[in-house]
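Here are the chains, one letter per residue:
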Amino acid sequence: MSDPIIICRDVEKWFGDFQALKGINMEVNKGEVIVIFGPSGSGKSTFIRTINRIEVHQRGQIIVDGMELTHDVRNIAAIRSEIGMVFQLFNLFPHLSVLQNITLAPIWVRKWSKDEAEEIAQQLLERVGIPEQAYKFPGQLSGGQQQRVAIARALAMQPKIMLFDEPTSALDPEMIKEVLDVMIELAQSGMTMIVVTHEMSFARAVADRMFFFDEGLVVETGTPDDIFKNPQEDRTKLFLSQILTT
Amino acid sequence: MTDAGNTQPAPADIRPPSQLKPIVWVQRNLFNNWFNSVLTVLALGSIYFIGRAVLEWAFFTADWRPVTHNPILYLVGQYPRDQLWRVGASLLLVSFLTGMSWGKWKGIMRSFALLLGIGLAILGIIPAGGQLGSLAVRIFFLINLPAIYLGYLLGSRKFVTGGLVLAGWLLSFSLIPFLLRGTGEGTMLPTVETSMWGGLLVTLILAVGGILLSFPLGVLLALGRRSSLPVIKLFSIGFIEGIRGVPLVTILFMSSIILALFLPPELRIDRLVRALIGMTIFSAAYTAENVRGGLQAVPAGQIEAAKAVGLNNFQTTLFIVLPQALRAVIPAIVGQFISLFKDTTLVIIVAINELLNIGKSILQSDVEFLQLQFEVFIFVAAVFWVLSYLMSFASRRLETALGVGER
Ligand SMILES: Nc1ncnc2c1ncn2[C@@H]1O[C@H](COP(=O)(O)OP(=O)(O)OP(=O)(O)O)[C@@H](O)[C@H]1O
Ligand SMILES: [Mg+2]
Chain H
-15 MSDPIIICRD VEKWFGDFQA LKGINMEVNK GEVIVIFGPS GSGKSTFIRT
35 INRIEVHQRG QIIVDGMELT HDVRNIAAIR SEIGMVFQLF NLFPHLSVLQ
85 NITLAPIWVR KWSKDEAEEI AQQLLERVGI PEQAYKFPGQ LSGGQQQRVA
135 IARALAMQPK IMLFDEPTSA LDPEMIKEVL DVMIELAQSG MTMIVVTHEM
185 SFARAVADRM FFFDEGLVVE TGTPDDIFKN PQEDRTKLFL SQILTT
Chain B
22 MTDAGNTQPA PADIRPPSQL KPIVWVQRNL FNNWFNSVLT VLALGSIYFI
72 GRAVLEWAFF TADWRPVTHN PILYLVGQYP RDQLWRVGAS LLLVSFLTGM
122 SWGKWKGIMR SFALLLGIGL AILGIIPAGG QLGSLAVRIF FLINLPAIYL
172 GYLLGSRKFV TGGLVLAGWL LSFSLIPFLL RGTGEGTMLP TVETSMWGGL
222 LVTLILAVGG ILLSFPLGVL LALGRRSSLP VIKLFSIGFI EGIRGVPLVT
272 ILFMSSIILA LFLPPELRID RLVRALIGMT IFSAAYTAEN VRGGLQAVPA
322 GQIEAAKAVG LNNFQTTLFI VLPQALRAVI PAIVGQFISL FKDTTLVIIV
372 AINELLNIGK SILQSDVEFL QLQFEVFIFV AAVFWVLSYL MSFASRRLET
422 ALGVGER
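If you read the sequences in order, they're chains H and B.
If you read the first sequence in my numbering, its first letter stands for residue -15, the second for the next number, and so on.
If you read the second sequence in my numbering, its first letter stands for residue 22, the second for the next number, and so on.
Fair warning: there could be bad hints in the mix.
Only pairs whose alpha carbons sit at most 30 Å apart, straight line, appear in this in silico DSS-like list of lysine-lysine [what the hints assert, rightly or not]:
#, chain 1, residue 1, chain 2, residue 2
1, B, 127, H, 120
2, B, 179, H, 98
3, B, 179, B, 127
4, B, 125, H, 95
5, B, 127, H, 98
FYI, nobody ran anything at the bench for these hints, they're computed from the structure.
As the structure is a computational prediction, the values presented were derived from the model and not from experiment.
Please model the entire structure based on the sequences and the hints provided.
Right, here's the structure in full:
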């Protein structure tokens, strides 16, 4: 049971005078799927961005796959190549084709040959269901397709961990499902995932544990069953009643 | 949400003009009410009278002798006539590489190659006096046409990579100065001091050299200005703001005179090179500010995504930030280069015989020419206009090719 690949101990983060994270504790085991939810401004994005050090935490410890996140540049590079990240606004590189978006990092960071990288990219595009879009540019794709390219881009580095920051909240309703389907398949394949989302259908389907964030703290944590059927905290109940009715 | 403004169907009569018959287009756009009709007639009338006056002046009144008397002066100045083949060979290299670039990259390079070919063909067959009319010089020009085509054939071949063509350009641009300047007396290439160079040759050396050198320097300064290392940042800010606060003429004076005063004679840098340094640092400061605008326009999410896939800072800058930043500021940068091109005329003040200065000295060379300033200046202005226009044409083509403004 206990084989943590991510350990966060009392992680704190300030933006100037404002404390965005007030001591977050979380241990994630290999293959676990974690869903983080909570009101806007509660620090969900800030927290998952500290895990691949896009944000720098100021106190506490973050250990990923046995390596502690410090200012050591080599550690950061090593950890980033083990963690894939998918953003709310896709953040695809608009000047590069879909194929180039996916192969850029494998070629320059993993030092694969171009042919090798393109072959794997093509396989990934098939996996996310858009093999025919390889030579288009991001601007020529729908939102759902762009997000699936972004997932393929992250997977191309063969990460051990995938982070998702509200991957479907910028999408039109009819495209949400195509992205969630890819994520569910990924979860079932055994990927370790931390997902910030308010898509409760996803949480019910594949989450192992859920964390409710509010004001920079973890207010409540438990299995989806615990959280949906038997929430302990008033704030959790209130928030759930708001998102489940709308 | 952005579609809200576009939901109404477009009215039928604002279709692009190209889809309408000419007569219909004229009716709808020029004579659609009495006021427009009057304006149209007035405009046509003025165009007719002004145009007629200009043509009459150009063909009957104007005395073009200062231009036609010895046109080769406008091209190369006092470059020794028995060494002109070296200029011809440099031109040949450029033609060949332009042809290769056409074969390799097609698109805008094709337009460049064709324009170069047309320009040289005109120079080759135009009736001209002096040495420009000589058979040898005509052959120098016309031989470039097969060179362009040969380059095209070679550039279209599979094994010629883009890197190879770029290397060819780089090599030629480092070779041409030696070819023109020479390797010393008694060698195959006797020295031709740059004080003998002149005309379009010098204008183009200053413009092309200035552009090629100031662009990378400007990009580095723009990046330096955003650097997290205080020394680099301060240096960049100091350089950019220092240069931008000073007129180009002053910089040219300083680079010419002060450099010459302070360096020991054996280290003396050539006069033309000093002017080129002045132009380069001036243009680099402005390029840096343009590029900075582009850098600021790249969304933070792009850099985050690049880091998240594991690219280091250098790779992120090279592959993600710069391409997007530069693409956004092509119009501004080309505008800057056009200014630089026209500003080459300012090297007159350090007594370099670029195109305009040649025109002036031709005027003074003969009492009969003294009254003909207008003709000479019109001619020089026309040359500048054509070349500047080509640059802005190229910029627009480049923008479309790279999809600037599309998202
Ligand atoms: N770069 C920053 N500078 C200053 N404050 C910031 C910065 N980034 C985030 N914050 C603040 O930190 C708090 C947490 O932000 P965060 O983006 O993590 O919230 P979130 O839970 O992801 O919210 P949302 O659901 O809206 O995405 C917010 O109050 C936000 O204003
Ligand atoms: Mg967020």
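Here is what the structure says about each hint:
1. 127/B - 120/H: Measuring from Cα to Cα gives roughly 21 Å; hence the hint holds.
2. 179/B - 98/H: Given pair residue 179/B, residue 98/H holds - Cα atoms ~18 Å apart, limit 30 Å.
3. 179/B - 127/B: Given pair residue 179/B, residue 127/B holds - Cα atoms ~14 Å apart, limit 30 Å.
4. 125/B - 95/H: holds, 27 Å
5. 127/B - 98/H: The hint holds at about 24 Å.
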